[in-house]
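Full structure from sequences and hints, please.
Number of protein chains: 4
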Amino acid sequence: MVKVVILGQGYVASIFAIGLERIKNGEIKPYGIPLKNELPIKFEEIKIVGSYDVDKSKIEKSIFEVAKNYWPGKIPETLKDIKIKKGVHLKSLRNLPIEAEGLEDGLSLKEAVERLVEEWKSLKPDVIVNVCTTESFVPFGSKDKLIETIEKDKREEITATQVYAYAAALYAKEVGGATFVNAIPTLIANDPAFVELAKESNLVIFGDDGATGATPLTADILSHLAQRNRYVKSIAQFNIGGNTDFLALTDDERNKSKEFTKSSIVKDILGYETPHFIKPTGFLEPLGDKKFISMHIEYISFNEAVDELVINGRINDSPALAGLIVDLVRLGKMAIQRKEFGTLYPVNAFYMKNPGPKEMCNLPRILAFEKLKQWIGNL
Amino acid sequence: MVKVVILGQGYVASIFAIGLERIKNGEIKPYGIPLKNELPIKFEEIKIVGSYDVDKSKIEKSIFEVAKNYWPGKIPETLKDIKIKKGVHLKSLRNLPIEAEGLEDGLSLKEAVERLVEEWKSLKPDVIVNVCTTESFVPFGSKDKLIETIEKDKREEITATQVYAYAAALYAKEVGGATFVNAIPTLIANDPAFVELAKESNLVIFGDDGATGATPLTADILSHLAQRNRYVKSIAQFNIGGNTDFLALTDDERNKSKEFTKSSIVKDILGYETPHFIKPTGFLEPLGDKKFISMHIEYISFNEAVDELVINGRINDSPALAGLIVDLVRLGKMAIQRKEFGTLYPVNAFYMKNPGPKEMCNLPRILAFEKLKQWIGNL
Amino acid sequence: MVKVVILGQGYVASIFAIGLERIKNGEIKPYGIPLKNELPIKFEEIKIVGSYDVDKSKIEKSIFEVAKNYWPGKIPETLKDIKIKKGVHLKSLRNLPIEAEGLEDGLSLKEAVERLVEEWKSLKPDVIVNVCTTESFVPFGSKDKLIETIEKDKREEITATQVYAYAAALYAKEVGGATFVNAIPTLIANDPAFVELAKESNLVIFGDDGATGATPLTADILSHLAQRNRYVKSIAQFNIGGNTDFLALTDDERNKSKEFTKSSIVKDILGYETPHFIKPTGFLEPLGDKKFISMHIEYISFNEAVDELVINGRINDSPALAGLIVDLVRLGKMAIQRKEFGTLYPVNAFYMKNPGPKEMCNLPRILAFEKLKQWIGNL
Amino acid sequence: MVKVVILGQGYVASIFAIGLERIKNGEIKPYGIPLKNELPIKFEEIKIVGSYDVDKSKIEKSIFEVAKNYWPGKIPETLKDIKIKKGVHLKSLRNLPIEAEGLEDGLSLKEAVERLVEEWKSLKPDVIVNVCTTESFVPFGSKDKLIETIEKDKREEITATQVYAYAAALYAKEVGGATFVNAIPTLIANDPAFVELAKESNLVIFGDDGATGATPLTADILSHLAQRNRYVKSIAQFNIGGNTDFLALTDDERNKSKEFTKSSIVKDILGYETPHFIKPTGFLEPLGDKKFISMHIEYISFNEAVDELVINGRINDSPALAGLIVDLVRLGKMAIQRKEFGTLYPVNAFYMKNPGPKEMCNLPRILAFEKLKQWIGNL
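Residue numbers (the numbering used here), protein chains in the order written: chain A, 1 to 379; chain B, 1 to 379; chain C, 1 to 379; chain D, 1 to 379.
Quick caveat, the hints were computed from the structure, so don't treat them as lab data. Take the hints with a grain of salt, since some may be wrong.
[Stated by the list, open to error] Simulated DEER-style distance windows between Cβ atoms:
id, chain 1, residue 1, chain 2, residue 2, range
1, A, Lys80, C, Lys80, 54 to 64 Å
2, C, Lys339, D, Glu38, 35 to 45 Å
3, B, Glu148, C, Gly141, 32 to 42 Å
4, B, Gly26, D, Glu38, 46 to 56 Å
5, A, Pro286, C, Thr78, 54 to 64 Å
6, D, Gly271, C, Asp81, 36 to 46 Å
7, A, Pro286, D, Asp144, 24 to 34 Å
8, C, Glu44, A, Lys68, 29 to 39 Å
Bear in mind the structure is a predicted one, so any value in this text is a computation, not a measurement. Backbone N, C-alpha and C define an ideal beta-carbon position, used for all residues, glycine too.
Have a look at this one:
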């Protein structure tokens, strides 16, 4: 059994909840889940036990009610049992057309963390999955600085994700083991502050930023070129979509969160730097969750011949990430069982855009998958 | 030192010769050569010692003169030294606007083979590279049938490539070792007749059909999807180009040569069969050697979401293959030194569209590259 | 009021019937109908009074029942009233996985024509719309030859469409006016035999081959380039789909029907011939009615600069044609009222891929639309 | 004879000068020039008599020397005769890696204008072509405000283009007629201040912003959809390139110059507003002058079917505009001869992205071309 708590009951979390129940009910095939039903922990053993959000219109509703906004089909009845609790926002919804409400509105950070830990001790999750909206953040770097920020209630200097990850560490310490899956760009698995804390607290961290969309595909196409020693002259990659995440990225501050990411996949995969333009480009509401991607790559082949590739796609953003989460919660439980606390590169390298720990780089995904299978062992 | 004989002095062979000399002269970087200059055998050690063709307008000319038709730049002077000899055609240029002339016009097959072997004993190639025009062929299956066809001069039942491969085996036997690189679709490494003969004759065979163009990229993109357990609903892949090879493929008989290829990459990579349309589609002269490719892939992701990818490209056909040949001739020499006669899957799996031997299947190229590096050893 | 008889109750006819009823019911907007509700004849006045097919499994069923196979939504109840009658096939379904049955199985051609005319005199259609499967055909050229073929029952030398058009002429003569809309490639509006007959018989012919899919878009893009005097070097256009029409086109004989079409749009629009590859390319069942198109255009701009365009699309084939038919049946009635018998280029030039009469050529569609509006008058 | 002065000797002006001379020499065909050699004024009659720039490294050099930076071929010798004079910059190169120097550095605006008028009276141009770098600007709206700005030397409130256009009006008044072609986004033909001034001063203004790149193509594709009453749900259009203009647009202030443009082509062509994202997206140096464009359009067809189009292109930016300028200078001379002072919508509607005067809108380009031909008369 893997008990799961969700942080941020938006598109991804709703599709995760719906798809998981439909698979458990035998309604659909487990497409989009890399490890299928081949892990020792089966789909049937995954159970969502709690969910948090800060959107006033969601708090106290059931996942069943909220999920209706994200999927036109028949929502599984089992989702009626899970009520959405109030989380922390810390301005994570700033500039978005959403009325937010958080635990910290009436409490100090420290009290809010204590409240979360108390609730989790009652819900007993193995894995806590963070799928909040992209935040504007600054990594802490040192554990002391992180603790001081909480203690001194410096709420301007911390984001919701950072508070949740801190609470997860306290919770893990108390119960003897837990996993925090960070599927958004805020650096957690890449912030030594959190990794150090996790090691001391029996916390496993998976992160950062779930590897969906054009980036993993770009990584594999660049690997393809690199293996043939074709010299990449330039890379342009555009993304445009209509979900809340694209809306959030129209905010410059959030977009700047990319500044803290490690050197890009480009150098990691190619072995050299090359001019590139890779970033979310715009918000276009009618595209909904099915974003449009466009990528242009120009490279030099043998005898100075110049080739070009253009890749276009329509890709459903939330299901792609939701499918990965079905693996991540099971791998999270396995990591706890194996007591591999801290962060786990063999998992991160395949599932994350920015695989922690900080000093590690991006691998071609096809190779990362081989590494992952080795870690798992008996696949 | 690797001595090379070329069979078919067309686009690929000319670009190979030009590019190789330019690299040796330090004029250009070795882009498009997967193993770069990292093999124990260096670029500088590769030497073209002979070339064969059946186009009347090429025979007795130098590579220098012929190469002018394929590249607008300054052709290296060193290519003036190699005269093109008369090969065998066996109607390989049927329906093409080329006047052909072959050794077999005045000789029996057996005599033609003997002539080739004699010439090669004087040229002393380590590696014989077949880059003829795509042929309409039937594999032999058994060595006896192959030998009988030559002996009884059944010239309707054999192609130029098959005659060349047979001659290569006789030559290898006499000199103690040689490699035959088959870069076209005719089954050689996948025909047990030739593999058996090669083992007995100290011949290494690399084949079949150099892995250039859209197919290896398709393989890696399908691997990418398969690793995420996305279910591929359909694949369409078009190719159109303006070189002689596309012209040759407008001939139905040649296009049928695909019927003898093994089950497609689709099943090998995905693990299941799915509807697909993958074939060269047409000839359009102004595109020249830089073909246009278009690929559409539709797949099912988590919770039944349907995604689409469209990949377009302009890809120089001949340089892509020529770059691989720079590796294959060096690997061919290494295989002779290691006495690994027969055919070599770890090489074929990366470099060939249809990697022999017959019973082996297609691997994701990124994994094949890892296998290749293991075979080489000290990379 | 416009009364309509349909020939060929397949995908297009079913979507036409469904969409029309839904628009009349106010369920949906009239998107995809070029002239919207701006004609003197309103959508509400269009009434399907009869339908013909030769698929055994459809004959005697209602449109309601048949339409279920082509659309997953709620089929309008009004379609229960129209039973599908037996038409003529003349091997139009040859090589397709459909069991066919036609009037001519038990009758001479002449008798079959008489039967159709009798039935139509009872159904009283203003407009007869031909949306049969693409046929392999030879145009007649002369009216005498056409009449002789019917009289002498030379059923090997005539197609279903040609028989229907002949019957339409007899019917129009008897009732004083009717329109035959030929939406498939068989030449009717481009065959002087039929145009002459139509003029004598009070028949209006619209044809040939409804202008849907990539071709009209190609025409407008080529116009765009021509107006800037950009020299088009080459054009490649691929189409692949999964409906019966694509399946039918895998039959070489049918594909040859293109041989009889007039000089292509390329020369008509550009004013010069240029190398091009434009044809349906393949059948891929999972694509269904939503075909994938890919087009590559390379052209020369000022100072010899070379530009490239690649257009990809997913386009629903049948709705595109069905939307045009909503206009064509209304224009057909208007043409009868105006007694413009024969064929009408101002209508054909916008709505047809191969606008008749034979001596007329393709116009940029945007200009053709202006011509159409002039013909209509008060738009 | 048409005498031409160029403002801004960058990429466009250099390609214009080179291509024009090559055409006059019979070296190349006049591709990319919409009206070919069919105007009463022939290519041979166009003569560049002067050129201005503010890049210190260009001033006092000949066009021949400067043009080398923009084209690898043989530069026509005739371009050695034209020396580049110092223009005005007014911070138009702010934030660009270029050292600028302008007449206004040592003079008041009024004096700088007088200097320009004096020089032009000696060079005697018929047509003054503005192809400066994109500027950050505010339109004047009223002639009085414009005059006051010059008189009072408010140099913070005016751009180089606005100063040039003002000088052109003074010059035209003195010599009895001239044309100012504004090929960049700064509003001149759309600013009533300049149009009023032009009418009083015998000046013809063509503008604003030469219609090259993806926008005119988008306009024609949208027209195509609109004529079929397909409802466009969303439009995304990306552009990325490596020339100075793309570099300039990475500056937010310049990009804001778009705020002053009229309601977009989307509404003008479709007749309704629809969500769209259309703007230059980024700078990628290796793409050079050959930008990459990507466009996604989703629309509703008959019976609620949803179709998609994706258009990708590699388009040479400067030759596209240079080709239009060959027409514009000839049309400019014709307009002077016809005394059609002020601004000319029939010319602007085809050649300009933002056709003046202010109150006029965008037409489908194919229709605009018909209007243009009517204005010209005897084509």
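We went through each hint and held it up to the structure:
1. Lys80(A) with Lys80(C): 54 to 64 Å: Given about 40 Å between the Cβ atoms, the range is violated.
2. Lys339(C) with Glu38(D): 35 to 45 Å: Given about 41 Å between the Cβ atoms, the range holds.
3. Glu148(B) with Gly141(C): 32 to 42 Å: Given about 56 Å between the Cβ atoms, the range is violated.
4. Gly26(B) with Glu38(D): 46 to 56 Å: 52 Å, holds
5. Pro286(A) with Thr78(C): 54 to 64 Å: Hint violated: Cβ distance 32 Å, outside 54 to 64 Å.
6. Gly271(D) with Asp81(C): 36 to 46 Å: 37 Å, holds
7. Pro286(A) with Asp144(D): 24 to 34 Å: About 45 Å separates the Cβ atoms of Pro286(A) and Asp144(D), which means 24 to 34 Å is violated.
8. Glu44(C) with Lys68(A): 29 to 39 Å: Because 36 Å falls inside the window, the suggested range holds.
Going through the hint list in order, the structure does not satisfy hints 1, 3, 5 and 7.
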